[in-house]
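Asks: I would like the entire structure built from these sequences, with the hints used as guidance.
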Amino acid sequence: MDRPPVSRGFKSKRQTPEGARLPPGQYLTTDFPVLSAGPTPEIRVVDWKIALQLGGSLLGKWTWDEFEALPQTTITVDIHCVTKWTKLGTVWQGVSFDDLLKVVGVSEPPDAYVMAHCDGGYTTNLPVSDLVAGKAMIATRYEGLPLAPAHGGPARLLVPHLYFWKSAKWLRRLRFMPKDEPGFWESRGYHNYGDPWREQRYDGD
Amino acid sequence: MAIPGGSNVMTATDAPLQQPSIAWQTGRVQAIVAETSRVKSIILQPANWSGHWPGQHVDIRLTADDGYQAERSYSIASPPEEKLLALTVERVEDGEVSSYLLDELRVGDTLEFRGPIGWHFIWSQTRGGPICLVAGGTGITPLMAMLRHRTRSLAPIPASLIYSARSLAEIVYRDELDTMARDDRDLRLVYALTREHPGDWNGHRGRVNAALLAENSFTREQNPTFFICGPTGFVEGISSMLVKLGFDPLAIRTERFGPTGA
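Sequences listed follow chains A and B, in order.
Numbering follows the numbering used here, in which position 93 of the first sequence is assigned residue number 93; successive positions increment by one, without gaps.
Numbering follows the numbering used here, in which position 106 of the second sequence is assigned residue number 1106; successive positions increment by one, without gaps.
The set of hints was computed from the structure by calculation and includes no laboratory data.
Built from N, CA and C at the ideal position, the CB exists for glycine as well.
Errors might be hidden in some of the hints.
[To be verified] Capping the alpha-carbon separation at 20 Å, the derived lysine to aspartate or glutamate pairs in EDC-like fashion look like this: (1) A/K11 <-> B/D1065; (2) A/K13 <-> B/D1103; (3) A/K179 <-> A/E199.
[Claimed, not checked] The following label-pair restraints were derived from C-beta to C-beta distances: (4) A/T29 <-> B/D1178: 32 to 42 Å; (5) B/G1203 <-> A/G56: 34 to 44 Å; (6) A/G144 <-> B/R1195: 47 to 57 Å; (7) A/V6 <-> B/D1178: 34 to 44 Å; (8) A/A20 <-> B/E1215: 32 to 42 Å; (9) A/V91 <-> B/S1099: 47 to 57 Å; (10) B/W1201 <-> A/G144: 15 to 25 Å; (11) B/S1099 <-> A/G89: 46 to 56 Å; (12) B/R1185 <-> A/P4: 43 to 53 Å; (13) B/A1047 <-> A/S12: 38 to 48 Å; (14) A/L88 <-> B/E1093: 13 to 23 Å; (15) A/W197 <-> B/D1065: 23 to 33 Å; (16) B/E1215 <-> A/R8: 44 to 54 Å; (17) B/G1203 <-> A/V46: 14 to 24 Å.
Replies: Structure (structure tokens):
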């Protein structure tokens, strides 16, 4: 369809000053909605471990205390969910992907893609270039407080420049892959990349 | 695409499914049905529809004459066997799309939409049972598509629906649900009324609790699949109660909507 038909009687909503920070098709929320495919796992930090994996081998593995001792980064970013809400100025703390690579002694990412694996079997795929140079972190705190289970606690991936399903909750393992593979939603009709500014919601967008 | 009940045999796994086209299209509004004081069903005649799975949703897009657009997702209430698509819409406070759909949209208008979307929160009779559906408020919508589809299947698939609503008047599709349950011994229907109930109310009073779930959700040995849909707090509460009751977390599928707490 070249031009969307006008909806009879539908009025334009005046843009707010924050409008410029809203990707197309998004609306602002001050709330923090929760979306996930199944129950929220209750993960005790004493049982928690996180791993960075290349092929069949481990590049690094951390317990909660070890992970907490890694260099910490705090960022303030806007987040955009494919279900169309956008939340401005959210504050996150955690370990940047850059620091994680530094800690395991990897100067250059060994593969072009990464699969994030989570509790409950959720996965999502990303190009490594979208994780480096300050673009992503493994977040453990939100607005200064430990990340709540419903929002992915104890630790989630945070890739704020992509739709939020890429910021996988309850992260357990990041696996480098030589070739791209679709993750959970990507194999269920969602876009493989998910750029909110290009409205890459579904396959073919 | 594979349509439930069609010639494609689906297995009860999450194997990648054939993807439908999700291009934007228009549909004509054939009817608007008032379900409750805050809820209406919009009956659409799609220009072309390749079918859907019960539990899926569509995206609606509204366009103003200056090009301003707003999009929202709405669950499909109709089963795949029906040619017309039914979307059930609840009024959201300050909701620009829901107020348009409830107050402005008329029969004969065209509505732009695309779908079906959502390949996880789905069920069809080829996937078998038992199924336990738990609805909070208008979370009944995608579950209703499953029940309507189930009614049309020939196999007696055991099912239960636990439906939490504020009052009798807020139960969406109540007559149809009551009829369904009366005519079908394999369907158990339980209402939980949280705020108001008639004096002679024999059903559950108050929120859905673990005892009510345990009583109406089959046994662990029967391996029910759960579909829970409602506001976030409701879905979080029910799904964690089910995990505590010992049900397999991977058999619990959830869909959350609406305003949430932080």
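Asks: The structure should be examined with respect to each hint, and the outcome stated for every one.
Replies: Here is how each hint holds up against the structure:
1. For a cut-off of 20 Å, the pair hint linking A/K11 to B/D1065 stands: about 8 Å separates their Cα positions.
2. Between A/K13 and B/D1103 the alpha-carbon distance is near 16 Å, which keeps this suggested pair within the 20 Å criterion.
3. Taking the CA atoms of A/K179 and A/E199, the gap is about 24 Å. The hint is violated against a cut of 20 Å.
4. Range check, A/T29 to B/D1178: about 37 Å between beta-carbon atoms, so the 32 to 42 Å window is met.
5. Remark: the range hint 34 to 44 Å for B/G1203 to A/G56 is contradicted by a beta-carbon distance near 56 Å.
6. The hinted window of 47 to 57 Å between A/G144 and B/R1195 is violated, with their beta carbons roughly 36 Å apart.
7. The supplied range of 34 to 44 Å is met by A/V6 and B/D1178, whose beta-carbon atoms lie about 41 Å from each other.
8. At about 53 Å, the CB distance of A/A20 to B/E1215 disagrees with the hint of 32 to 42 Å.
9. The given range of 47 to 57 Å is broken by A/V91 and B/S1099, whose C-beta atoms sit roughly 33 Å from each other.
10. In this structure the hint that B/W1201 and A/G144 lie 15 to 25 Å apart at CB is violated, the actual value being about 46 Å.
11. Under the hint 46 to 56 Å, the C-beta atoms of B/S1099 and A/G89, about 27 Å apart, miss the expected range.
12. Roughly 48 Å separates the CB atoms of B/R1185 and A/P4, a value that falls within the hinted 43 to 53 Å.
13. Remark: the range hint 38 to 48 Å for B/A1047 to A/S12 is contradicted by a beta-carbon distance near 26 Å.
14. At about 20 Å, the CB distance of A/L88 to B/E1093 agrees with the hint of 13 to 23 Å.
15. Between A/W197 and B/D1065 the Cβ separation comes to about 25 Å, which falls inside the hinted range of 23 to 33 Å.
16. For B/E1215 paired with A/R8, a C-beta distance near 49 Å keeps the hint of 44 to 54 Å intact.
17. With their beta carbons about 43 Å apart, B/G1203 and A/V46 fall outside the hinted range of 14 to 24 Å.
In terms of the numbered hints stated before, the structure departs from hints 3, 5, 6, 8, 9, 10, 11, 13, 17, listed from lowest to highest.
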